[in-house]
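Student: Listed below are the residues making up each chain.
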Amino acid sequence: MFRLRLWRPGFRRAHASSRPAGGATSLNWKRAGKLLPVPALLYWLIPILVPDGQLGNATLRMLIANLMSPQALFDQRSPGARLVGNLITIKGKGKPHERVLSTVRERPTPRVVLDMPVVVDIAPGALLAFPDANPSLMTLPQYPIAGGAPFVPSTPFVSTPPQGLQIPPGPLLPPLVGFIPGGIPSPPSSTPVTPAVPVASNPPGNNTPPGGTPDTPPGGTPGTPPGGTPGTPPGGTPGTPPGGDVIVLPEPASWTMMLLGLVGIGGFSRRRKPQAGKNGAR
Amino acid sequence: MAHDRFRMFGRCLILAAGLILLAPRGIAEAATDPVSASRVLYSPDGYPQLTLPDGRRETIRSMLAITRQMHFGEFVWDEKSVPLGPVWVRVDLARQLLSVFRGGHEIGTAVILYGTDGKPTPTGSLKILEKNPHYYSRSYHAPMPFMLRLTNDGVAIHGSSVQEGRATHGCIGVPIDFARLLFGAAKKGDLVAVLPAQEPQADRVK
Numbered sequence: 001m002f003r004l005r006l007w008r009p010g011f012r013r014a015h016a017s018s019r020p021a022g023g024a025t026s027l028n029w030k031r032a033g034k035l036l037p038v039p040a041l042l043y044w045l046i047p048i049l050v051p052d053g054q055l056g057n058a059t060l061r062m063l064i065a066n067l068m069s070p071q072a073l074f075d076q077r078s079p080g081a082r083l084v085g086n087l088i089t090i091k092g093k094g095k096p097h098e099r100v101l102s103t104v105r106e107r108p109t110p111r112v113v114l115d116m117p118v119v120v121d122i123a124p125g126a127l128l129a130f131p132d133a134n135p136s137l138m139t140l141p142q143y144p145i146a147g148g149a150p151f152v153p154s155t156p157f158v159s160t161p162p163q164g165l166q167i168p169p170g171p172l173l174p175p176l177v178g179f180i181p182g183g184i185p186s187p188p189s190s191t192p193v194t195p196a197v198p199v200a201s202n203p204p205g206n207n208t209p210p211g212g213t214p215d216t217p218p219g220g221t222p223g224t225p226p227g228g229t230p231g232t233p234p235g236g237t238p239g240t241p242p243g244g245d246v247i248v249l250p251e252p253a254s255w256t257m258m259l260l261g262l263v264g265i266g267g268f269s270r271r272r273k274p275q276a277g278k279n280g281a282r
Numbered sequence: 001m002a003h004d005r006f007r008m009f010g011r012c013l014i015l016a017a018g019l020i021l022l023a024p025r026g027i028a029e030a031a032t033d034p035v036s037a038s039r040v041l042y043s044p045d046g047y048p049q050l051t052l053p054d055g056r057r058e059t060i061r062s063m064l065a066i067t068r069q070m071h072f073g074e075f076v077w078d079e080k081s082v083p084l085g086p087v088w089v090r091v092d093l094a095r096q097l098l099s100v101f102r103g104g105h106e107i108g109t110a111v112i113l114y115g116t117d118g119k120p121t122p123t124g125s126l127k128i129l130e131k132n133p134h135y136y137s138r139s140y141h142a143p144m145p146f147m148l149r150l151t152n153d154g155v156a157i158h159g160s161s162v163q164e165g166r167a168t169h170g171c172i173g174v175p176i177d178f179a180r181l182l183f184g185a186a187k188k189g190d191l192v193a194v195l196p197a198q199e200p201q202a203d204r205v206k
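If you read the sequences in order, they're chains E and L.
Using the numbering used here, the first residue of the first sequence is number 1, and each one after it goes up by one.
Using the numbering used here, the first residue of the second sequence is number 1, and each one after it goes up by one.
If you are wondering where the hints come from, they were derived from the structure by calculation, not from laboratory data.
Yeah, the Cβ is synthetic: ideal placement off N, Cα and C, and Gly gets one too.
A few of these clues could be false.
Stated by the list, open to error - Taking lysine to any residue and the SDA-like style, the derived pairs with C-alpha atoms no more than 20 Å apart in a straight line are: (1) E/K30 <-> L/L15; (2) E/K30 <-> L/F6; (3) E/K30 <-> L/K119; (4) E/K34 <-> L/L13; (5) E/K30 <-> L/R7; (6) L/K127 <-> L/R57; (7) E/K34 <-> L/G10; (8) E/K34 <-> L/K127; (9) E/K34 <-> L/G73; (10) E/K30 <-> L/L13; (11) E/K34 <-> L/R57; (12) L/K119 <-> E/A81; (13) E/K34 <-> L/R11; (14) E/K34 <-> L/F6; (15) E/K34 <-> L/K119; (16) E/K30 <-> L/K127; (17) E/K30 <-> L/F9; (18) L/K119 <-> E/R82; (19) E/K30 <-> L/R57; (20) E/K30 <-> L/G10.
To be verified - Label pairs and their in silico Cβ distance ranges: (21) L/N152 <-> E/L45: 53 to 63 Å; (22) L/M8 <-> E/L259: 32 to 42 Å; (23) E/L41 <-> L/E130: 50 to 60 Å; (24) L/D177 <-> E/A32: 47 to 57 Å.
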């Protein structure tokens, strides 16, 4: 109820008579303030208008003594006093510096983020492992396996294949059907291959796969990840969710500023209304 | 009606503030010598006096008209039309200022550095004991150009890089160009009054 009355336009003027007596005090202060220009004018005009008179000379001398005395000049030009205990070091560097061990004191200064080179500057071959982790596995010969995913043997097993080793077919180790140049055939044949041919593998000491050169990933240029420009994550701009647009939520400071602006606009419009009523109604 | 009164009151206030602000400047310009407008000349029948730490009083005939705040590393030197006379130096640690007087006229002033709280600058009425334009401190491994030694334990006025936040080991650091001028103006035996930092009211105008 009280709030509603406060927000009603013209409420303050209508209830001016019920204000406490403090308003009279502020009115007196306002009246006294009107007299301030008088001594200021006298202070300024007396030495100017009566320069040769005794009053003018005395006032001028007093003013000079007060305003241009050596102490006043020292005070005006002083950069300020130094506080006791203000300085914690002697001959400080003026700005905060890093405290490091003497062994790492000579390390190069790291560049700031804005001076960092763009992502194109990546050395060739740095992204060879992308997207797979181990490039050495990509150079290994591929063995097509009937009815399942290709089996990648471990490194010691492939690098030194024993001569004439008969690998018995078992449930854990699927039978090897032979070496197919060019990699895994796609789509994989659903027809089971008869395990008749013994194992064929690279000779020892030759790790070059028939499909490519070592250190070259299949299907890509060094330094360029498959599916995009270097530095751009696959799927869009960084920071953009793959699902759609970003929902921007204002921070509390923005909300506060907006609310303050609205309150200010409301206050100004509320102030103007009584003036219009004053001119029109009264 | 009330609105007009309020406007009138505001105008009067602005006018009064302007008059108050402009009045000291106009009076000061009227009081200074028209030949040297950058100097505040005092009337011969009422020269102000500065009391030194040992009780002596020095008469001031004119001051450099610097009515603004000086910054660290800044100095003013103007000895134009100032007659020859005894030179004395006033070092105000409280205000971080150094002033050079010749014959009662101020000819130079600068912002200074002084000793830290752990190594304070000695105060009192001192004398220039030694002059050396190319002094190199063996204690601190630092050049101290245009050195004017004040005490036997190494306190001196010398050129330094005067920057805010810095301090000395007890010496009085002034800008190097100012130190050169001071070195040329002062001689051995001249008075250097060092006022303490804690009692700025030590010297008063009489």
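Student: Now tell me if each hint is right for this structure.
Tutor: Each hint tested on the structure:
Under the criterion of a C-alpha separation no larger than 20 Å, the hint pairing E/K30 with L/L15 is consistent with the structure, at around 17 Å. This hinted pair checks out: E/K30 and L/F6 have alpha carbons roughly 10 Å apart, not beyond 20 Å. With a C-alpha separation of about 54 Å, the suggested pairing of E/K30 with L/K119 is violated against the 20 Å cut-off. Distance check on the hinted pair: E/K34 and L/L13 sit about 8 Å apart at the alpha-carbon level, within 20 Å; holds.
Annotation: proposed proximity of E/K30 to L/R7 holds, straight-line Cα distance about 13 Å (limit 20 Å). Under the criterion of a C-alpha separation no larger than 20 Å, the hint pairing L/K127 with L/R57 is consistent with the structure, at around 16 Å. Pair hint E/K34 plus L/G10 holds up; C-alpha atoms about 9 Å apart against a cutoff of 20 Å. Proposed proximity of E/K34 and L/K127 is contradicted: the alpha carbons are some 57 Å apart, above 20 Å.
The suggested pairing of E/K34 with L/G73 is violated, with an alpha-carbon distance near 45 Å, which exceeds 20 Å. With a C-alpha separation of about 12 Å, the suggested pair E/K30 and L/L13 falls inside the 20 Å cut-off, and the hint holds. Distance restraint check for E/K34 and L/R57: the Cα-Cα separation of roughly 46 Å exceeds the 20 Å cut-off, and the hinted pair is therefore not satisfied. Pair hint L/K119 plus E/A81 holds up; C-alpha atoms about 17 Å apart against a cutoff of 20 Å.
Of the pairs offered as hints, the one joining E/K34 and L/R11 holds, with about 10 Å between alpha carbons and a cut-off of 20 Å not exceeded. Restraint check for E/K34 and L/F6: the C-alpha separation of about 10 Å stays at or below 20 Å, so the hint holds. Taking the CA atoms of E/K34 and L/K119, the gap is near 55 Å; set against the 20 Å cutoff, the hint is violated. Restraint check for E/K30 and L/K127: not satisfied, since their Cα atoms lie roughly 58 Å apart, outside the 20 Å limit.
Among the hinted pairs, E/K30 with L/F9 is consistent with the structure: their alpha-carbon atoms are about 9 Å apart, no more than 20 Å. Proximity of L/K119 to E/R82 is assessed by CA-CA distance (about 14 Å); at most 20 Å being required, the pair is judged to hold. In summary, the hint linking E/K30 to L/R57 is not supported, as the alpha carbons are separated by about 48 Å, beyond the 20 Å threshold. For the proposed pair E/K30 and L/G10, the alpha carbon gap of about 11 Å is at most 20 Å, so the pair holds.
Range check, L/N152 to E/L45: about 58 Å between beta-carbon atoms, so the 53 to 63 Å window is met. Here the CB-CB span from L/M8 to E/L259 is close to 37 Å, well matched to the stated 32 to 42 Å. The hinted range of 50 to 60 Å is satisfied by E/L41 and L/E130, whose Cβ atoms lie roughly 58 Å apart. A hinted range of 47 to 57 Å for the beta carbons of L/D177 and E/A32 is consistent with their spacing of about 53 Å.
Hints 3, 8, 9, 11, 15, 16 and 19 from the list above are not met by this structure, while the remaining hints are.
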